[in-house]
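Peer 1: In case you want the letters, here they are:
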Amino acid sequence: MTGNSTVRIGFGQGFWGDSSEAPVRLVEDGPLDYLALDYLAEVTMSILQKQYQENPSHGYARDFPPLVERLAPTLLARGIQVLANAGGVNPRACAEEIRRRAPQLKVAVVEGDNLLPHLPALLEAGEEFRNLDMGEPLAPLLDRLRSANVYLGAFPLAQALASGAHVVVSGRCADAALALAPMIHRYGWRADEVDKLAAGVVAGHIVECGAQTTGGNCLADWRSIPDLARIAYPVLEIQSDGACVVTKHERYGNGPSGGRVSLASVKEQLVYEIGDPARYFTPDVVADFTTVRLAEDGPNRVRVSGARGLPAPEKLKVSISYHWGWKAAGTLVFSAPHGAEKARRAAEIVWARCADLGLSFAGRNVEVFGEETALLRMAVRDPERRTVDRFTREMIPLVLNGPPGATGYGDGRPKVHEVVAYWPALVSRSVVAPKVEVLA
Amino acid sequence: MKVRLETIAHARSGDKGNLVNIGVIAYEEALYPVLVREVSAEKVRVYFADLIQGEVIRYEMPNIAALNFVCQEALDGGGTLSLRSDAQGKSFGGAILGLEIEVSEEEISLLNLPV
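Sequence order for the protein chains is R and G. So the number in the working numbering is just where the residue sits in the first sequence, counting from 1, plus 8. So the number in the working numbering is just where the residue sits in the second sequence, counting from 1, plus 3.
A couple of the hints might just be wrong.
[Stated by the list, open to error] A short, non-exhaustive set of chain G residues, derived as facing chain R with CB atoms under 10 Å: (1) G20; (2) I28; (3) Y62; (4) P65; (5) V118.
[Said to hold, decoys possible] Below, a list of computed lysine-lysine pairs in the BS3-like style, where the Cα atoms sit at most 27 Å apart: (6) K423(R) <-> K93(G); (7) K423(R) <-> K58(R); (8) K423(R) <-> K323(R); (9) K325(R) <-> K443(R); (10) K93(G) <-> K325(R); (11) K325(R) <-> K58(R).
Since the hints were made in silico from the structure, they are not lab data. Every residue gets a Cβ at the ideal spot worked out from N, C-alpha and C, and that includes glycine.
Model the full assembly from the supplied sequences, consistent with the hints where possible.
Peer 2: This is the structure:
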């Protein structure tokens, strides 16, 4: 449980839809103890909840079980444990599907993040779920709610690892918790060892967006970053005291890996999607990013140390989604000369025609990209579906009845999409009960 | 003289709901004081006046020679609600590097700036 060993954690998925090869390369191309995968962006749960309502055996990232099946022989041969929040709103069904596809694997499931069934009772009991950004109470939206999931921390995930499971499947958890859990498990860190937990959270934050650590989406000297086609995803080498190195495998299949881990790439990720850097809230600790020290440690190696932490917050973050209404966005290309001018004129024509039809929208937007040849993008949103639907019939006619040179209408009329909006809130820790179970 | 922010810094931006945060990182520690002096929260708010409806708060991270700008009401509702092509605020990091800042002749030679 302790000692000076190094634990290696690879992070192979930054969101649902990220590279399907990255997890394979991480387990095959170099030393690894744990593979962590994040499937859940802010809005993903509402999509999964919809799939679950249509079919109660769905509601999770359905490409995860086939991935595990593909990885299974290597996981067993090399003793690698996998952690993923691929379970979405139905972690149990996800875990059962893994068992069906790879019966040789032991699978643990972490539940307790789904608060949707308990919301009426929790509101009754005085939890208000006020919007973290705007401050309004949730109650008026009760009949429009689609999902409500509390961010679980790393301790239940660590408990699941301790069961010896080859794969740990959870629903919503803090992204960094997927990387922190193996450290807690291997080094026996306690909930009051706030500096160690903060170190783990900082390390987890640095890798939780996958290739954004290793040279992807990196502005600093981007032209010189080698071979992005074969970019390796990040690996953490972490010590029992929390000191760690961020690196990547040298190999990618049979050749050298691409991308670059540098001070610049790690700094860009350290500042990614944070608020007050001195108070980065997670369910396990409040980490102070202003205490972190970074240093080069050889090619493609950055040493991270010095993180300080404060005790875990009393309240946990809940991500709630609700039906807002409908939206649609359409694009047209206006050819040279004066494409941008034609595009702007075209937008005015569409709004004038919509006004003649008596349409008004809760929100509308026009974007024009380019000058000589230009892309026009128009979008509207409204609680009424028919209002949005009527708009989608007004764009394509421009090809014949608007300014000259409109093209790029190959996809036809814009599609109407449901807007399921996001409502961040807090809930008392005492009402949250994570549950860990190993599937028989 | 006036130079673009990209001369001294790189950046990355992202979202949290309707918030955008823009992390701006000086290429070298010696450039951090210039960054702190030249890029105020107000300057960022004015630069993105078309896009940011709310307040801009600036946080300092001297440990990595970076500033973090948290911009409120910056994504037309954010996430699924936003009607923008960049609903997640990914483009703010690149865009801010076009901001013009003032550096002295002395700083240019002292800091070896590529201008």
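Peer 1: Is the interface hint for Y62(G) satisfied, with its Cβ closer than 10 Å to some Cβ of chain R?
Peer 2: For Y62(G), the interface hint holds, since the closest Cβ of chain R sits about 5 Å away, which is under 10 Å.
Peer 1: Mind checking the alpha carbons of K325(R) and K58(R) for me, to see if they're no more than 27 Å apart?
Peer 2: holds (22 Å)
Peer 1: Is the interface hint satisfied for G20(G)? The criterion is a beta-carbon contact with chain R at less than 10 Å.
Peer 2: holds (6 Å)
Peer 1: Decide if the proposed pair is consistent with the structure: K423(R) and K58(R), CA atoms, cutoff 27 Å inclusive.
Peer 2: holds (18 Å)
Peer 1: Would you mind confirming whether the straight-line C-alpha gap from K423(R) to K323(R) stays at or under 27 Å?
Peer 2: violated (40 Å)
Peer 1: Hinted pair, alpha-carbon criterion (27 Å max): K93(G), K325(R). Please report holds or violated.
Peer 2: holds (23 Å)
Peer 1: With a cut-off of 27 Å on the C-alpha distance, tell me whether K325(R) and K443(R) pass.
Peer 2: Between K325(R) and K443(R) the Cα gap is close to 18 Å, so the pair holds against 27 Å.
Peer 1: Measuring from the C-beta of V118(G) to each C-beta in chain R, is the shortest one below 10 Å?
Peer 2: The hint is violated - V118(G) has no Cβ within 10 Å of chain R, the shortest such distance being about 17 Å.
Peer 1: Less than 10 Å between beta-carbons is the criterion; does P65(G) satisfy it with respect to chain R?
Peer 2: Holds - the Cβ of P65(G) comes within 10 Å of chain R, reaching about 7 Å at its closest.
Peer 1: At a threshold of 10 Å, is the proposed contact between I28(G) and chain R supported by beta-carbon distances?
Peer 2: holds (5 Å)
Peer 1: CA of K423(R) to CA of K93(G), is that 27 Å or under?
Peer 2: Holds, because 24 Å separates the two Cα atoms, which is no more than 27 Å.
Against the hints set out earlier in the document, violations occur for numbers 5 and 8.
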